[in-house]
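Residue numbers (this note's numbering), protein chains in the order written: chain E, 64 to 301; chain V, 399 to 705.
Simulated from the structure, these hints should not be mistaken for lab results. Since the structure is predicted, the reported quantities are computational estimates derived from the model, not experimental observations. Hints may contain errors.
Unchecked claim - 25 Å max Cα-Cα, derived SDA-like pairs, lysine to any residue:
# : chain 1 : residue 1 : chain 2 : residue 2
1 : V       : Lys589    : E       : Gln144
2 : V       : Lys589    : E       : Gly152
3 : V       : Lys589    : E       : Leu129
Unchecked claim - Simulated restraints, written as ranges between beta carbons of each label pair:
#  : chain 1 : residue 1 : chain 2 : residue 2 : range
4  : V       : Ile502    : E       : Asp140    : 29 to 39 Å
5  : E       : Lys295    : V       : Ile487    : 54 to 64 Å
6  : E       : Gly137    : V       : Thr528    : 43 to 53 Å
7  : V       : Pro496    : E       : Gly105    : 27 to 37 Å
8  : V       : Ile505    : E       : Gly135    : 27 to 37 Å
9  : V       : Phe682    : E       : Asp140    : 41 to 51 Å
10 : E       : Arg250    : V       : Leu514    : 52 to 62 Å
11 : E       : Gly135    : V       : His675    : 51 to 61 Å
12 : E       : Arg190    : V       : Thr513    : 55 to 65 Å
13 : E       : Arg286    : V       : Pro496    : 49 to 59 Å
What the hints assert, rightly or not - Taking beta-carbon pairs under 7 Å as the criterion, some of the chain E residues facing chain V (in silico):
#  : residue
14 : Ala138
15 : Trp139
16 : Val142
17 : Lys143
18 : Met148
19 : Gly154
20 : Arg158
21 : Glu163
22 : Tyr170
Just so you know, even glycine gets a beta-carbon here, dropped at the ideal spot from N, CA and C.
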Amino acid sequence: MTQPVLLKVSALKVAYGGIQAVKGATFEVRQGELVSLIGANGAGKTTTLKAVTGLQPVAGGEVEYLGQSIKGRGAWDLVKQGLVMVPEGRGCFTRMTITENLLMGAYVRDDNEIEADIEKVFAIFPRLKERRDQLSGTMSGGEQQMLAMGRALMARPKVLLLDEPSMGLSPIMVDKIFEVVHDIHQRGTTVLLVEQNASRALELADRGYVMESGEVTMSGPARQLLDDPKVKAAYLGE
Amino acid sequence: MDYFLELFFGGLTRGSIYALIALGYTMVYGIIGLINFAHGEVLMIGALVSWTFTTAMAGSGMPGWVLLLLSVPLAVLVCCALNFSIEKIAYRPLRSAPRLSPLITAIGMSLLLQTLAMIIWKPNPKPFPTLLPPDPIDLGGPVITITQCLILGLTVVILSALMWLVNRTKLGRAMRATAENPRVAGLMGVKPDFVISATFVIGAALAAVAGIMWAANYGTVQHTMGFLPGLKAFTAAVLGGIGNLAGAVVGALVLGLVEALGAGYLGELTGGVFGSHYADVFAFATLILVLTLRPQGLLGERVADRA
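This is chain V alone, in the form it adopts within the complex (with noise of 0.2 Å):
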């Protein structure tokens, strides 16, 4: 029972990171139909931005939570100053353009990043700080860390905070009349440019923030480190239902909880033959599975093609 919940937790820890990523990707395409592939190397950029300025002022004599707390609305600014920007720069221009046009521009987005990235920092993984305490808080049995519970909380006031803005601000309902109807929203006065804006950058906060814990959680960062979780965070959007909020959370979290309790039972399963390095599996399968059975994925409605 202690083993299933340590793993419990950890499964939470890393879908909610996954929650954080999928909605960006969800809100992107719920607006503007695009996949960004380059969404999982904004939270790279976001991590690395941290890791340089706690790295940086590790000889200041603060506190090691008071530096990541800093480095949080830093790598949040310069994220959402980034995707700003690959959007103006990148998708706009081609918006009327056929669909694959701007989803291959997105990878070759996320390639020049990634470059950009490692010639910028290196191309050696870095150690990230251990910033909180790294004593596991045992509830009795069941050992949860530090990090692990401020990832949780951290998850729920932004989810919560997101859903705020989307049901109950003038921008949110924008956004939703966007996705659902982009004519209908402008004959209201909606400017489709403000509003995509809006997304990228709400998007780019979430990969930041998302980046700095999961560096925070495994401990490097280097400047690949994008490019797993965000495809985790892509296929969780998926399976939830690509363009719907709450449908990211979900696939995020079953996506996690797969994972870490699929890996952790699988050599008990199999005597040994296959061993926890097989989590990935465990997550693409379970994809698989819901695109079969239900290729609109778990809360998504049945839609015709947009393109």
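The shape of chain E in the complex, shown without the other chains (with noise of 0.2 Å):
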């Protein structure tokens, strides 16, 4: 490991009012890797992202991206530096269209190269292409998936923070999706994965990480997880 890291967090502490919903995360991302963060529903994998990009206030430990804390900073003003996350759910703007999605993917940047990048995206999601111009809101799960990692390759992310991407979403569609995650993070994007599908968050990954109950409780290299009986007990179903 030769890589810098560029994401640290550090024995990270998160409250809703008076429940601990993260008591103690861990965990690194290096440069070029795709890193799974798998655990059940509730484990606390999506409140350890949203502290992460300031969507959720941080109750302890340290958050370090490319060096520097980040605690207490505004998701705005971290995308700036290409910290980008797709949330959970998606959230695309449904009542704009496509395009006006990528647009906002977009918005910190103001160089002349943005539309040159909606076509690379396009180039990845055909069928985003075919519908630019309907309103996302009018789009099926999956497309809509395939939207919001689009708007965020648009911010051009050094580390790019998927939440979920394949909840919710059929077998056909979650191949696709993890073909494409397989593959923005073959182009070069550093890929953080939080993901309830663990076989499969774990086959991409270079590294990964267990969360049980606000806590990361194991970790290593994905196929050395993947092979672990503990993992495959309670996250694969052997």
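Two chains, two separate frames, one set of hints: put the complex together.
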């Protein structure tokens, strides 16, 4: 591991009212990696991501991005530095067209390659190109997930955070989405993938972390986690 | 027929002014869910700034229309600065407070501005100088004044510019995105404070122009003049579906026409029992009717209460 650490989360604590949703999450993402954070529903994965991107206040611990603490920084501020999240439930702007959604993704940019990048996104997701002038609210869940990912790519992320991209999708669409995640990673984007679908997430990943009841309890190379008897029993249904 | 057309133009003019004000209400509501009750007072300040300028410069020898034209950017500037400050000082600290707090603050702000205006400009109604030739244009029967023509034309231009801004520019997209989902808009890099301030500033500019139009059309200015058009425009925004820009314009035009035609024909219909001063009754009866039959407004979507 000689690549620099881009995102480092240490002993992170997050509370909702009086409830500690995250009690101690520690993990890191190095440049060029695809890291998967897996765990059951309610383990605190989404809350962890929200705290990292400034959507939820941090109660304790440290979050560092590019070597600097980003605790308390607003989400809008982090996007400019390339920390981009695709939220759970996609969060497409349903009353805007596909193209407008993609332009929103490029909100922090003012270069003249935005149009070219839209075409690149359309090359990855040809379905979006067919419907470029359609309101995103009229699309299926899978198509909205494609749009949400395409929109995040428009910001030219250094680190892309994906929150449950396969949730609620048909098996065919899940295949397509994981294929694209793999593709995005192969093209050089660093990815932190948060997923309940542990087997698929670990198959793609370089390294993995397992979250249980608000804590990171296991970590290691993804292959190793896939073969771990405890992980197999708890998350892979074997 | 001529009488009808005259009433129609009058209603259209009134409705246009309501539309400019209603857009301010509806944009602010769309972004932060607040009914900004101080919006009518912004209009009043705009009209009074224009009055101060045009009366002070009356001896300068410049023609009236030039004075009126020059007073517009001045009033817009003052109102934008004012509304920007109101949001920053009064509403921003309450952004995560329960919804009732900013609402009451808005009412307080409205009273404060009225009182301040009364102190600065004195309480008496002031005649707004006739700056445009008062001769009506004869359309071969129905009659329309130059002021009315100007109001209608200017409203079309302003509405087109606003539609362009909201639908075609980066700022407009950010405003729509923030209105739909502020958290996700933040994830795109949109700074909420910036978009909210921009919305208040745009609303203030429209209100300032509306205030000057109101003053030029009805001929008097005073510190309480913002209340009724403010209330009517709010009614128009609700009528059209609050939060919906096209709805605000449609609601405003409907309201203006209903008022004008209702008032114009009421005497005839009731054999003189009710006079034209019952115009307001028509406006609010329309609101009650629409809210009973179509609670989301004419163009509004059915949404759960966002509180």
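A quick look at each hint next to the structure:
A hinted pair counts as satisfied when its Cα atoms are at most 25 Å apart, and Lys589/V with Gln144/E qualifies at roughly 14 Å. In summary, the hint linking Lys589/V to Gly152/E is supported, as the alpha carbons are separated by about 22 Å, within the 25 Å threshold. This hinted pair checks out: Lys589/V and Leu129/E have alpha carbons roughly 21 Å apart, not beyond 25 Å. In this structure, Ile502/V and Asp140/E meet the distance hint of 29 to 39 Å, their C-beta atoms being roughly 32 Å apart.
The beta-carbon spacing between Lys295/E and Ile487/V, approximately 60 Å, falls within the hinted interval of 54 to 64 Å. A hinted range of 43 to 53 Å for the beta carbons of Gly137/E and Thr528/V is consistent with their spacing of about 52 Å. At about 29 Å, the beta-carbon gap between Pro496/V and Gly105/E stays in the expected band of 27 to 37 Å. Checked against the hint of 27 to 37 Å, the pair Ile505/V and Gly135/E passes, with Cβ atoms roughly 34 Å apart.
At about 46 Å, the beta-carbon gap between Phe682/V and Asp140/E stays in the expected band of 41 to 51 Å. Evaluation of the 52 to 62 Å hint for Arg250/E and Leu514/V yields a pass: the beta carbon distance comes to about 60 Å. Between Gly135/E and His675/V the C-beta distance comes to about 58 Å, which sits within the given range of 51 to 61 Å. At about 59 Å, the CB distance of Arg190/E to Thr513/V agrees with the hint of 55 to 65 Å.
About 52 Å separates the C-beta atoms of Arg286/E and Pro496/V, a value consistent with the hinted range of 49 to 59 Å. Satisfaction of the interface hint for Ala138/E is found here, the shortest Cβ-Cβ separation to chain V being roughly 4 Å, below the 7 Å cut-off. Because the closest C-beta pair between Trp139/E and chain V is about 5 Å apart, less than 7 Å, the hint holds. For Val142/E, the shortest C-beta to C-beta distance to chain V is roughly 4 Å, which falls under 7 Å, so the interface hint holds.
Taking 7 Å as the C-beta cut-off, the interface hint given for Lys143/E holds, the closest approach to chain V being about 6 Å. For Met148/E, the suggested interface contact is upheld, since its CB lies about 6 Å from the closest CB of chain V, less than 7 Å. The closest approach between the C-beta of Gly154/E and any C-beta of chain V is roughly 4 Å, which is under the 7 Å cut-off, so the hint is satisfied. Using the Cβ-Cβ criterion of 7 Å, the hint placing Arg158/E at the interface with chain V is satisfied: the shortest such distance is roughly 6 Å.
For the restraint placing Glu163/E at the interface with chain V, the shortest Cβ-Cβ distance is roughly 6 Å, inside the 7 Å limit, so the hint holds. For Tyr170/E, the suggested interface contact is upheld, since its CB lies about 5 Å from the closest CB of chain V, less than 7 Å.
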